[in-house]
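Asker: So the protein sequences, as listed, match chains V and S.
Note that the working numbering has the first sequence beginning at 24, numbered continuously upward.
Note that the working numbering has the second sequence beginning at 24, numbered continuously upward.
Note that these hints are calculated values from the structure, not bench results.
Treat the hints with caution; some may be incorrect.
[As the list claims (entries may be wrong)] Listed next, with one range per pair, are the computed distances between beta-carbon atoms:
hint : chain 1 : residue 1 : chain 2 : residue 2 : range
1    : S       : Ala69     : V       : Glu205    : 21 to 31 Å
2    : V       : Glu156    : S       : Met227    : 56 to 66 Å
3    : S       : Asp70     : V       : Asp280    : 44 to 54 Å
4    : V       : Glu62     : S       : Gly91     : 17 to 27 Å
5    : S       : Pro76     : V       : Gln209    : 48 to 58 Å
6    : V       : Gln209    : S       : Ala69     : 41 to 51 Å
7    : S       : Ile203    : V       : Val288    : 53 to 63 Å
8    : V       : Ala69     : S       : Lys272    : 21 to 31 Å
9    : S       : Glu93     : V       : Val288    : 31 to 41 Å
10   : S       : Ala86     : V       : Gln146    : 34 to 44 Å
11   : S       : Pro57     : V       : Gln209    : 23 to 33 Å
12   : V       : Met227    : S       : Glu312    : 49 to 59 Å
13   : S       : Ser228    : V       : Met227    : 22 to 32 Å
14   : V       : Val288    : S       : Gly91     : 22 to 32 Å
Yeah, the Cβ is synthetic: ideal placement off N, Cα and C, and Gly gets one too.
Letter by letter, the chains look like this.
2 protein chains.
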Amino acid sequence: MLASCMAMTTHLISLAAALAFAAPLAAQDEAEAPPSPGEIVDQAAADEWKAIPAEDLLVMTLAPDSQGNERQVVIQLLPAPYSETWTANIRTLARTGWYDGIAVIRSQDNYVVQWGDPETGGQPKPLPPELLETTEADYISTSMHGDQDSIVLWHPRNAIDDNYAGSTLFYDGWPLGFEIGESTKQLTRWPLHCYGMVGVARSMSPNAGDGSSLYTVIGHAPRHLDRNIALAGRIVEGMEHLSTLPRGKGALGFYEDASRQTPIVSVRVASDLPARERPEFEFLDTEGETFNRYAEARMNRRDPFFIVPAGGADICNIPVPVRRVAE
Amino acid sequence: MLASCMAMTTHLISLAAALAFAAPLAAQDEAEAPPSPGEIVDQAAADEWKAIPAEDLLVMTLAPDSQGNERQVVIQLLPAPYSETWTANIRTLARTGWYDGIAVIRSQDNYVVQWGDPETGGQPKPLPPELLETTEADYISTSMHGDQDSIVLWHPRNAIDDNYAGSTLFYDGWPLGFEIGESTKQLTRWPLHCYGMVGVARSMSPNAGDGSSLYTVIGHAPRHLDRNIALAGRIVEGMEHLSTLPRGKGALGFYEDASRQTPIVSVRVASDLPARERPEFEFLDTEGETFNRYAEARMNRRDPFFIVPAGGADICNIPVPVRRVAE
Numbered sequence: 024m025l026a027s028c029m030a031m032t033t034h035l036i037s038l039a040a041a042l043a044f045a046a047p048l049a050a051q052d053e054a055e056a057p058p059s060p061g062e063i064v065d066q067a068a069a070d071e072w073k074a075i076p077a078e079d080l081l082v083m084t085l086a087p088d089s090q091g092n093e094r095q096v097v098i099q100l101l102p103a104p105y106s107e108t109w110t111a112n113i114r115t116l117a118r119t120g121w122y123d124g125i126a127v128i129r130s131q132d133n134y135v136v137q138w139g140d141p142e143t144g145g146q147p148k149p150l151p152p153e154l155l156e157t158t159e160a161d162y163i164s165t166s167m168h169g170d171q172d173s174i175v176l177w178h179p180r181n182a183i184d185d186n187y188a189g190s191t192l193f194y195d196g197w198p199l200g201f202e203i204g205e206s207t208k209q210l211t212r213w214p215l216h217c218y219g220m221v222g223v224a225r226s227m228s229p230n231a232g233d234g235s236s237l238y239t240v241i242g243h244a245p246r247h248l249d250r251n252i253a254l255a256g257r258i259v260e261g262m263e264h265l266s267t268l269p270r271g272k273g274a275l276g277f278y279e280d281a282s283r284q285t286p287i288v289s290v291r292v293a294s295d296l297p298a299r300e301r302p303e304f305e306f307l308d309t310e311g312e313t314f315n316r317y318a319e320a321r322m323n324r325r326d327p328f329f330i331v332p333a334g335g336a337d338i339c340n341i342p343v344p345v346r347r348v349a350e
Numbered sequence: 024m025l026a027s028c029m030a031m032t033t034h035l036i037s038l039a040a041a042l043a044f045a046a047p048l049a050a051q052d053e054a055e056a057p058p059s060p061g062e063i064v065d066q067a068a069a070d071e072w073k074a075i076p077a078e079d080l081l082v083m084t085l086a087p088d089s090q091g092n093e094r095q096v097v098i099q100l101l102p103a104p105y106s107e108t109w110t111a112n113i114r115t116l117a118r119t120g121w122y123d124g125i126a127v128i129r130s131q132d133n134y135v136v137q138w139g140d141p142e143t144g145g146q147p148k149p150l151p152p153e154l155l156e157t158t159e160a161d162y163i164s165t166s167m168h169g170d171q172d173s174i175v176l177w178h179p180r181n182a183i184d185d186n187y188a189g190s191t192l193f194y195d196g197w198p199l200g201f202e203i204g205e206s207t208k209q210l211t212r213w214p215l216h217c218y219g220m221v222g223v224a225r226s227m228s229p230n231a232g233d234g235s236s237l238y239t240v241i242g243h244a245p246r247h248l249d250r251n252i253a254l255a256g257r258i259v260e261g262m263e264h265l266s267t268l269p270r271g272k273g274a275l276g277f278y279e280d281a282s283r284q285t286p287i288v289s290v291r292v293a294s295d296l297p298a299r300e301r302p303e304f305e306f307l308d309t310e311g312e313t314f315n316r317y318a319e320a321r322m323n324r325r326d327p328f329f330i331v332p333a334g335g336a337d338i339c340n341i342p343v344p345v346r347r348v349a350e
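The task is simple: from the sequences and hints, build the whole structure.
Answerer: Have a look at this one:
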């Protein structure tokens, strides 16, 4: 979805208008009209796109849909220093084949879709012994003010006011919250529950989740979950295969009828795939000039459809451009 | 979806945990644990629920799904003084039967689902002559500071900081943005593009849309559309029938293949239906004490699942409780 966000414009037009206006507008206004956010991204120089390591990409294959169409979802895992025990566990679960044969077990409207062990036969599937311990303290990443990361992070250009965190910004391709301890001067930062982000299901605290059950956000950003659950990554392709699943009728959107669950055939780390099957993705450098222009345009739409620029945006309404590398 | 939001809690739990924890927690912690937002709403007194007039409810019946299940969506129209020309047109289009036989023509992930004239045969369907003219000026509602409405609106209790509007608040059951002109002291206010809100598709300005094509928000709130398009209402039941529709593969999520469109069988104003078929809904008084406690709890989750209360929320993450009146 993050990739497809970039292809869209935000015009809400009738079908008739789409047909009637598309050609004349393109010819007439292209030279003069301020560019849309998507057009700004299209103008980025090649070196503003940063490759996502194949070790950070997961390919999740769902069972085909009722019409026999293939359904593949690509997940980008968070890089260090965020959620490292969980992303290590997720790679272990993928590499041991543990995820193969689990299912999407929950779909709750305007909230999350969740996958995990369906416990067919009433017994949980034994977990690999090499999983790491996870702790709530690791929901945030802490560093001392003054290191190189902190200096970049302090760059005020990308800071965005926020009702949940002291402030938010984009850094290294991700939306983050951050706070500076008044006395300690310690910097804490954490990833945010925007649309399409992937998190680690857990039960009651102090359980911090092991990575065997994951969810993705399919509605308005549930930012109250920030710092309360580990985020582990985001969907970069195939989001629609999860967001359109029928909603579960049980409590919290769990499927009461197991036949409504969607089987997960396999989950593979992209770097383990043969080169020709390995998907390649890249994201727009969030420290670059183009991203800065793009974010500003998302806050102040001046392309022809718009009348009143908003003057701002919340960070989850500025999706980081991610795209598949053309073959 | 607004109704179903109220039934949910935000626990992200594994299926095993759900089964294992549900009973003991209910018995053990109910008396002591701070209530969840949903539990607060459940405690509201009967007179804090306000009836929605049947004249403000639309019943939209989609064709049955591929398994023959019925699909009904209930829309609440915005009350005066918002979008009055559009809501009048929508009632006219419903009462003349114009909507019967149109279709869902667009589904764009993390954005909108839109319905309107599919132009089968290449010809637009003629519109009823009695439709009112609409103008962009009516995207906002203006009043002089000092009238009774403004005084209530100034009540600081419900005001929430916002990156798009000067400030936002809940008033008479709806999320609104508002601004006061510095020299004029005029108050302007407008409804907000939260999840499930229904708006009026338009082509390029100064076209302001006539109500024959509508959309609903199925992703993170596209608040940049506020004051740029007319909102006309919100979905109060059956949101999942729209949000789970397959995404269109054409530009902006339009269906390239007309066979993927979902036919709309009929749209009726509830007050025109026989009494026994008339759905009845009510919303939680947003000026009441219970709503205030609910909104505060959405900003500071203290129920047992949570570790770090956020300290705030954006207005679209505080859905107004709406429920069907029990028969």
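Asker: Could one say that the CB atoms of Glu62 of chain V and Gly91 of chain S fall in the range 17 to 27 Å?
Answerer: Once the Cβ atoms are compared, 45 Å apart, the range 17 to 27 Å for Gly91 of chain S and Glu62 of chain V is violated.
Asker: Cβ-Cβ distance between Pro57 of chain S and Gln209 of chain V: within 23 to 33 Å?
Answerer: With Cβ atoms ~29 Å apart, the hint holds.
Asker: Confirm or reject the claim that Pro76 of chain S and Gln209 of chain V have a C-beta distance inside 48 to 58 Å.
Answerer: 55 Å, holds
Asker: Quick check on a hinted range of 56 to 66 Å for Glu156 of chain V and Met227 of chain S, using CB atoms only.
Answerer: 57 Å, holds
Asker: So the hint says 44 to 54 Å: do the beta-carbon atoms of Asp70 of chain S and Asp280 of chain V match that?
Answerer: Given range 44 to 54 Å: violated, Cβ gap about 39 Å.
Asker: Confirm or reject the claim that Glu93 of chain S and Val288 of chain V have a C-beta distance inside 31 to 41 Å.
Answerer: Once the Cβ atoms are compared, 32 Å apart, the range 31 to 41 Å for Val288 of chain V and Glu93 of chain S holds.
Asker: Taking the beta carbons of Ser228 of chain S and Met227 of chain V, is their distance inside 22 to 32 Å?
Answerer: 52 Å, violated
Asker: Confirm or reject the claim that Ile203 of chain S and Val288 of chain V have a C-beta distance inside 53 to 63 Å.
Answerer: Check passed, 57 Å falls within 53 to 63 Å.
Asker: Okay, Ala69 of chain V versus Lys272 of chain S on CB: inside 21 to 31 Å?
Answerer: With a Cβ separation near 28 Å, Ala69 of chain V and Lys272 of chain S satisfy 21 to 31 Å, so the hint holds.
Asker: Range first: 22 to 32 Å. Now tell me if the beta carbons of Val288 of chain V and Gly91 of chain S are that far apart.
Answerer: 28 Å, holds
Asker: Take a look at whether the Cβ-Cβ distance between Ala69 of chain S and Glu205 of chain V falls inside 21 to 31 Å.
Answerer: 47 Å, violated
Asker: I want to verify a distance hint. Is the separation of the beta carbons of Met227 of chain V and Glu312 of chain S within 49 to 59 Å?
Answerer: 30 Å Cβ-Cβ, so the 49 to 59 Å window is violated.
Of the numbered hints given earlier, the model fails hints 1, 3, 4, 12, 13; all others are met.
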